[in-house]
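Mapped onto this note's numbering, the consecutive letters of the sequence shown carry residue numbers 1 to 390.
In short, the hints are calculated from the structure, not lab data. Fair warning: there could be bad hints in the mix.
Just the calculated beta-carbon pair ranges, DEER-fashion [unchecked claim]:
id, residue 1, residue 2, range
1, Asp180, Asp119, 47 to 55 Å
2, Ala113, Lys187, 47 to 55 Å
3, Val124, Glu89, 21 to 29 Å
4, Asp27, Gly104, 37 to 45 Å
5, Lys187, Asp27, 43 to 51 Å
6, Thr336, Leu158, 44 to 52 Å
7, Ala265, Lys194, 22 to 30 Å
8, Asp119, Lys187, 53 to 61 Å
9, Asn260, Ala123, 32 to 40 Å
10, His390, Ser39, 33 to 41 Å
11, Leu158, Lys220, 23 to 31 Å
12, Asp174, Gly248, 37 to 45 Å
13, Ser312, Gly104, 45 to 53 Å
14, Asp119, Ser172, 57 to 65 Å
It should be emphasised that the depicted structure is a prediction, and the values quoted were computed from it without experimental measurement. Backbone N, C-alpha and C define an ideal beta-carbon position, used for all residues, glycine too.
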Amino acid sequence: MFRVKTMNKISPVGLAVLDTGHFQVSDDVEQPNGILVRSASLHDMDFPDSLRAIARAGAGTNNIPIDRCSEAGVVVFNTPGANANAVKELVLAAMLVSSRDLMGGSAWVREQAQTEGVDVAAAVEKGKSAFVGPELYRKTLGVMGLGAIGALVANIALSLGMEVYGYDPFLSVDAALRLDRHVHVVKNVDELYKNADYITIHMPYNKDTKDTIDAEAISKMKGGVRVINLARGELVNDDGMIAALESGRVSCYVTDFPNNKITLAKHVVPIPHLGASSPESEENCAVMAAQELQDYLENGNIRNSVNLPNVSLDRSGIARICIIHRNVPSMLANLTGILSKEGVNIENMTNKAKKDYAYTLVDINSKLPDRVADELRAVENVLRVRVLQH
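Between the sequences and the hints, there should be enough to build the whole structure, so can you do that?
This is how it looks when you write it as structure tokens:
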């Protein structure tokens, strides 16, 4: 029986993936083998030795101490693409709001209705010109980050009659195949800045992407550009953005990550972190996170991990050995040497690395004695060994 702790309210549709005959799931379970989390911060949480994996029902993992998890041999999963449609639709709304000033116009109409003696219909006809804005048709959209969300945004913008420039320095083959051939994929982000009337950001946040949009980047953009940030607040430098809004260099900034500084700046449309907040998205994320956790705990397979390589192998043999280790020379020789010395026959095996860490799956045609598992654990640079018996 695997024990799974829920750190937030997780969709029942997702929890239903975890068979109650094999999984004990609750928010007060002790010594968990897995954690399902949405937005709760785990940075100050003490992880028990029993913990094997954390699955985040969402794309961002900045609420999880990734480095600490890696060193403890804890796999961290996310759910890329599960919320992509919800975010895509909100990008469309954000582009319209940034162009047509729907928020400002609606607030102004309400003010007229609350003013004594004002004929709202007449006031609207007289004052509506203050809220006029451009259409999206035949304008240019720049999409920064062409993953699951960015690709959907780029493709649907083409359907709106927009010209689309896309930039992603880490564009994968799979991501490229998802893009419509009419998207202009550029290698230099400055080309996107130069051409885009609207810019939408869909990049992960890390130390290398912090303040991607700053004063220098904005200086390379077209005057009057509209910027949309539904990815992470820290991708945009608030001071640089506020200065650009005040000067008119940026016409409007739509952010899903309001704070005390940016919220009250002029021409800012703050949204209360609604990017993935749809019932469909929450269900999709929960189901994907639960499936990832289930497959890892039961079979040792890794899909969509942010700290370890994706490794999946059909079960064969009698036992499976799952080894998380540092990506250093001679590891496979050391591990297979121990198994060979102990007379353990390998039926199937795979190994992959991701930066500093690697993962090895070994299927054997016999049960693994505890003393051999302990020998594997004692190898230098091995972080965790699990043995799964059929």
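Structure-based check of all given hints:
Taking the beta carbon of each, Asp180 and Asp119 are about 48 Å apart, inside 47 to 55 Å as hinted. For Ala113 and Lys187, the hinted distance range of 47 to 55 Å is satisfied, since their beta carbons lie about 52 Å from each other. Roughly 28 Å separates the CB atoms of Val124 and Glu89, a value that falls within the hinted 21 to 29 Å. At roughly 42 Å, the beta-carbon separation of Asp27 and Gly104 lies within the given 37 to 45 Å, and the hint holds.
Judged by the Cβ atoms, the range 43 to 51 Å given for Lys187 and Asp27 holds: they are separated by roughly 47 Å. Judged by the Cβ atoms, the range 44 to 52 Å given for Thr336 and Leu158 holds: they are separated by roughly 51 Å. With their beta carbons about 25 Å apart, Ala265 and Lys194 fall inside the hinted range of 22 to 30 Å. Distance hint check: the CB atoms of Asp119 and Lys187 are about 57 Å apart, consistent with the given range 53 to 61 Å.
Restraint check, Asn260 to Ala123: a C-beta distance of roughly 33 Å satisfies the suggested window 32 to 40 Å. Under the hint 33 to 41 Å, the C-beta atoms of His390 and Ser39, about 37 Å apart, fit the expected range. Distance hint check for Leu158 and Lys220: the Cβ-Cβ separation is about 24 Å, which falls inside the suggested range of 23 to 31 Å. Restraint check, Asp174 to Gly248: a C-beta distance of roughly 40 Å satisfies the suggested window 37 to 45 Å.
Remark: the range hint 45 to 53 Å for Ser312 to Gly104 is upheld by a beta-carbon distance near 50 Å. Restraint check, Asp119 to Ser172: a C-beta distance of roughly 58 Å satisfies the suggested window 57 to 65 Å.
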